[in-house]
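Chemist: Given chain A, work out where chain B should sit, using these hints.
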Amino acid sequence: MARSTSSKKAPQARAKANAAGYLKRHSSKPKTVTPTIDDVYELVENDAGRRRKGKGKKPRRETVELEYDYGEDGARDDLEEDSDREQPRLFGEGDEIASEDDEEIDSDGAFEDIDGDADGFAGVFSRKQTSARPKRAVRFADVDLNEDEDSGEAQAEEDEEDLNSDIYIDILDVLDGKGEVYHEDEDSDTEPVKKPPIPLRDPVPTPHDDEEMESADEESESADEDEEMPDQDDEIDTSPEALTALHAFINGLPADAPSSSAKRKAPDASGDDAPRKKRALSALKERTQVGAEGEFQVGAGQKLALADLLAPLSSAEPDALRSVEQSLGVDTAMVRPKTTGKKVKAVSGGALAVPLPLRAQDRVDREAAYEATKEEVRKWDDTMKRIREAEHLSFPLQAPKDQMGRVSNAQLTAKFKPTTELESAVSRLLTTANLAQDTDIQRTENTLMAAKLSPEEVARRRNELRQMRELAFRGEIKARRVAKIKSKTYRKIARGKKERRETDDGDDEEGATQREVNRARERAGMRIKRNAKWNRSRVEGEEDEEIGTREEIENELERKERLTRLIRGDKDDGSSDEDESGGEEDEEAIKRSAFDELKALKGDGETTQVKQKGVFGMKFMQDALKRRDTEANEVVDDFIKEMAGEAEEDDGVVPGVITQRTGGRVSHRPGEETESKKPNPTPTADREHSPPPPPAESKRPSRPLLSSSSAPAAEQNPWLVPTSSSSGPKAPRTKNDVIVSKDSKSMDKARHKLAKNEKKLDVVASARAQDDEIVEIQMGKTLGDEDDDADSEVDAQEQALKTQAKGKKADVKAFEQRDLVALAFAGDNVVRDFEQTKQREIASDAPREVDTSLAGWGSWGGPSTTKRKPKPQFIKKIPGVAPADRADHNKAHIIISEKRDKKAAKYQVKDLPYPYTSRAQYERSMETPIGTEWNTRVAFQRGTLPKVIKKMGVVIEPLEKLA
Amino acid sequence: MDAPQQKKRKTSHNLTAESVVQRSSLPRSLRFDKDLNVPAYNHIPNKKLRAQLSRNATQSARAKALLDDAEMLLTEEPGLMQPENDLERTWRVDQTDIEHGAGQDAGRGRREWKLDGGPYRSRYTRNGRHLAIVGSMGHVATFDWKTGTLHSELQLQETCRDITFLHDHSHFAVAQKKYVFIYDRDGVELHCLKAHVEPTRMEFLPYHWLLATIGNAGYLKYQDTSTGQLLTEHRTKLGASSAMAQNLHNAVINLGHQNGCVTLWTPNLPHPAVQLLAHLGPVTSISVDPSTGGRYMATAGRDSTVKVWDCRNWKGAIREWSARGGAAEVEWSARGALAVASGGSVNVYTSPTIQQPIHGSTQPPLYLTHPIPHRPLVSVRFAPFEDPNFDSSEADPFENRKARREKEVKALLDKIQPDMITIDPDFVGSLVEPSKLSITTTSSDGKAAETIPFARLPRLERLRAQGKADEMEVDTDDAAPDAQKLTKEEKERKKMRGKGKSSKRHLRKQLKKVIEPTSIAIRAKVEKQREERKAREKEAAGEKPKKRSALDRFASG
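So the sequence lines, in the order shown, correspond to chains A and B. Each residue of the first sequence is one higher than the last, beginning at 1 in full-length UniProt numbering. Each residue of the second sequence is one higher than the last, beginning at 1 in full-length UniProt numbering.
Careful, some of the hints might be misleading.
[What the hints assert, rightly or not] Below, a sample of chain A positions facing chain B; criterion: calculated Cβ distance under 10 Å:
id : residue
1  : Q398
2  : E835
3  : S897
4  : A904
5  : P915
6  : R919
7  : E923
8  : T932
9  : R942
[Unchecked claim] Derived DSS-like pairs (lysine-lysine); straight-line CA-CA distance at most 30 Å:
id : chain 1 : residue 1 : chain 2 : residue 2
10 : B       : K48       : A       : K374
11 : A       : K902      : A       : K876
12 : B       : K415      : B       : K402
13 : B       : K194      : B       : K177
14 : A       : K560      : A       : K488
15 : B       : K47       : A       : K385
16 : A       : K374      : A       : K947
17 : B       : K528      : B       : K64
18 : A       : K759      : B       : K525
19 : B       : K237      : A       : K899
20 : A       : K759      : B       : K534
21 : A       : K759      : B       : K538
22 : B       : K504      : A       : K891
23 : B       : K415      : A       : K903
24 : A       : K910      : B       : K415
25 : A       : K760      : B       : K525
26 : A       : K899      : A       : K838
27 : A       : K838      : A       : K903
28 : B       : K47       : A       : K910
29 : B       : K468      : A       : K385
30 : A       : K760      : B       : K534
31 : A       : K891      : B       : K491
32 : A       : K876      : A       : K899
33 : A       : K947      : B       : K410
34 : A       : K906      : A       : K877
35 : B       : K237      : A       : K838
36 : B       : K48       : A       : K385
37 : A       : K599      : A       : K756
38 : A       : K560      : A       : K599
39 : A       : K961      : A       : K950
40 : B       : K410      : A       : K950
Rather than coming from a laboratory, the hints here were simulated on the basis of the structure. These numbers were taken from a predicted model, which means no experiment stands behind them. We put the beta carbon where it would ideally sit given N, CA and C, even for glycine.
Looking at chain A on its own, in the form it has when it is part of the complex (with noise of 0.2 Å):
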């Protein structure tokens, strides 16, 4: 097992296990010099922490491990290990492995199992298999392991320690020079009785598995013990020097080796299908062997305590077994008395095992040094890799100790526990009232906000509610008020009339004793506005009573006015005067309060246009409020026109023209009169002959729109003006904007398309107007169109110019003066030579070809002679700037000098920096300024913080690590 993972793992695993083994090495260092019995113990129990290390997740049976694994336990399998690990190719076969096998690793099955990883388990096998042969002889070992099995469930577990049985020997015995047991094993590897090389936890075991899947199930039963073990296995660490110990003991046992390896094999190969208990009894009872007793050799049927294998360890590391002991919970006075008798028979033992070459065993310590070295460098990870991305580091880095105890007054309170009794009280307080804790508090505050807000938010939707129950019955809400309105103001007026027709008989003096009477009657009954005590009342009063109190106030002025009309005495009201002495209003009063409702109706619904939500907000919902609604409307302003109408009846309606209203729209259509009008337009004349028009009557009493008697009308009665102005086919009209609908006339579409245009039009002006003033930039001009616009501009300036310099004729004298400068510049060829210049600079700089060839030499001279190519070693090239790839190319005004400036050079980076991949960043890491002329007092600062602080004076201690 712990061979298997180990190999096969990680390196890092074994280097683990290394390091821990080295440092139970060191700490055991004077034990190991002089190596006793005692010793072994002790170092195996190193080792098997080792192994333990080297396995991480499964810490395994750990004394059981020991009992049983007598010559073969970890130990040596960590040892073979190593050994492998530096002779790699010791036995020369190391991957030859057949996959079969002999029975012997049938018996081991337990072996397999414990990785659970059949891969890796798979190839170490392999592999150690080979190592395992020359070992066969010294299997004695493996008696035990089915001895155990029938020791009963308790030493369940202990049946998987013996996995480990064949294989652990192996180098150890090659180490010793015992390798010459191989042929044997040959011949029992040709044996018919096979097993597949490492089935693992095989799901399907054959028959052959039989034992192999038993310490499988017995693992898993015992997995819950295994796995309170792991502090076991720290105490039981076991070292290679131990175990190369204990195995020179073991093999000072002789006798034992083919005798087991004999009987071992029996029971494998009868390979029936009996139940495995039985078989397992009888393997028992072939094995029974009687050995020494003691933690190494259990005597037959006798059981084994863990007590016993514990019992050598007492005495060389009392320490150590007092730790195993308590985590096992075994009676240590128990152990003791044992321990003693036992460990007698151990030190009769044998001699120790030849240590490993001092250069593995140097190497394995170096190994172990770095892991333990690494493993305490890790733990500064963290704090070094924030130190080293810090942008700032203020040293020292930790804040002195004295400040390092300092807690914060959020950790206090954490920490903190009541003591005394009031604190106790103080806080038992705050609890209940849930307000021990800041999310407490929170909460609290929380819900008690909230409590205090509920109110509002029932009122609030309470409000909603209201809104939508008003929102869907208004138009119905508003066409039922509008009927009673109409209703009552119909039926008062009737009534006046007909009272006045009945009081009308009486003659004019009456009628003056009569006003008079009803004059002093009006005074009584008013109250005294002085009156301040009144006032002050009116003011304290509640609300409702306020309301009460207005309408007071209406009533009072409606009164005062009635008053002064009847002192007075007008004569157009005169008549309605008499109207009062039933102490009925007059019906222009009534008309008026009519419109006045009417009004305020129909400003409710005007301002409550609000933007609703849900269904309301809806499209074909909004319509149909709308068109309720000016149902509504148009019921009104029928009424109104109709009140209005009565008075300018005559005026109004052109003779021989029906005026109807269908559905919002007016329509006025050539018919005959039904009813005869009156000579006289007399407003009396009229309310005569105006009764209480029925909806089917054909012709209505409706003043015509765009007649021109409207005006006059609305003249008459100044306030009707304003629902004069909006009678008429009216579209109902929100606050904003004009709804153009199909009822509206052409006339009124076209004032407002009119109107529209209008809009449109200042709104291009006023952007017009915006754009001159800011920027006179048009895109898709080109440069020569701007003389235009620009000539009107200048012309004026130039006006202006000549406006001041009136009287001198400057214009005509400047145009002089030009000529005469073209004049006495022109021959002065400063284009040319300017030309020649740049020519000249261009042919300097240019790359060039010089010809150093000697004249004379290498030629012939002559008459006949023929000029000769220079030879190209002679010809020079002197590098220059081309002229297409100068900075004034294709500028004729201008020579830009190409050449280096050397003095200034010396302030420029020739390459690019190290960090840097490219240009472009390591500009933009030069283009920030960080003076202060450039930057903000704090940016500033940032840009040259230093990377480093630290303070005068103050020493700098190392970091300490804090536990």
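Modeler: Below, chain B without anything else, positioned relative to chain A:
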């Protein structure tokens, strides 16, 4: 390891790491937690470089954000007169109107001194507080023109051609008949610079402490006024010059010559860095626009034209018009207004119209004009720092004596070495451009191109060869030559259609490379429109348009 043990170790880790957290993070006052839109250099494999680059980018973005934030504090904005309606013209506004209309302080700024002694040249100190004047007959005066305190008044009794203050008003130099003389504030003659023979014009480079003069002999001489040494003298070979200006941005001296050339000089080069045929007659005046980083140059010549040039691409005059009254005198203000004094008036033109390229020789729209009944007008200067937001760390009009002294010391410490003057002032610390030198000539004998061994290649080339170069962000300059090499068919084939099509690419490149005033204006306009639209939307939504106040920067934290 066992689980519990592991856990234990982890906690111990955390404790140690936690203990250094505070001291390994930035001071709280320097943290900046606003979200910056910084490119992630995820394509760079080198973790360290990636961290460095992103840190750089963050820093620059942060600095920019902080600057924007701080600029909000400059609540007063400089401005110009603007016509209220179409009929109004700013140039119809008189100086007296301005005096009445402007604030009292600004109105008091108008001064008039009537002096005899020939045409005068004038010069302000950098902080605009002091004025030095010199008459051609030798009358020299320096004074605080705001308070009217006279520092010194000299009658030199010889022809004086120019005057300039040195680093501040404590010293000034006068170009006299034969040499340049340096006087102190009280008019005591300190130095006679005999190396400068028959000087005509002088310029003082404040950051380099250099006094540059040009004389009738046509020698440009640089005198270091901090060390007193004559730095260099360049023979222009173009005769006498009577026009000289410095580019405040890069400290390059611009000279105007008799043959109509304008030459640009640096102390390093014995030849002009740039030579420009500006006029068909002698150049009378030059000025470089300080508001745009020395990008525009205005020249006036005796051919009675005024031209505005773009100094970055030198594509030709972007504006040219003829000035009435012959030779003009030009001067840019610190805010980018160009004054042209010619004939009997001073005309002022403003950006952006003055910088918009235009064909033909139409005059740019006039901003202001001021008639002066004397001729000729030889010198026109803008008084610096007349607008509300001045940078007192740069030049403080209200500095006291101590501040002046401190500034002097500081300026000496900050003095820039003269050999750092080049046309491109950003060259310091930059990577050397690939050399234009080539050895390919017409007579190539078919030899294979020389291959430079890998070890001698520059690092960038080596990286490219190894495939380690970061090609994600290639300079547009690098890409350009490749584009040129393509044939027409190839271009057609490679032409991208749709989103990234070539015209757009070209436009993008253009936008990136050349920042035209038109494009700036367009961008500003588009920006403004967008803002207006947003404001309108907000208003429609019921929000009131809120003006950001200076206190808002604290609201966001």
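Chemist: If any of the earlier hints don't hold here, list their numbers in rising order.
Modeler: Hints that this structure does not satisfy do not exist here, as all of them hold.
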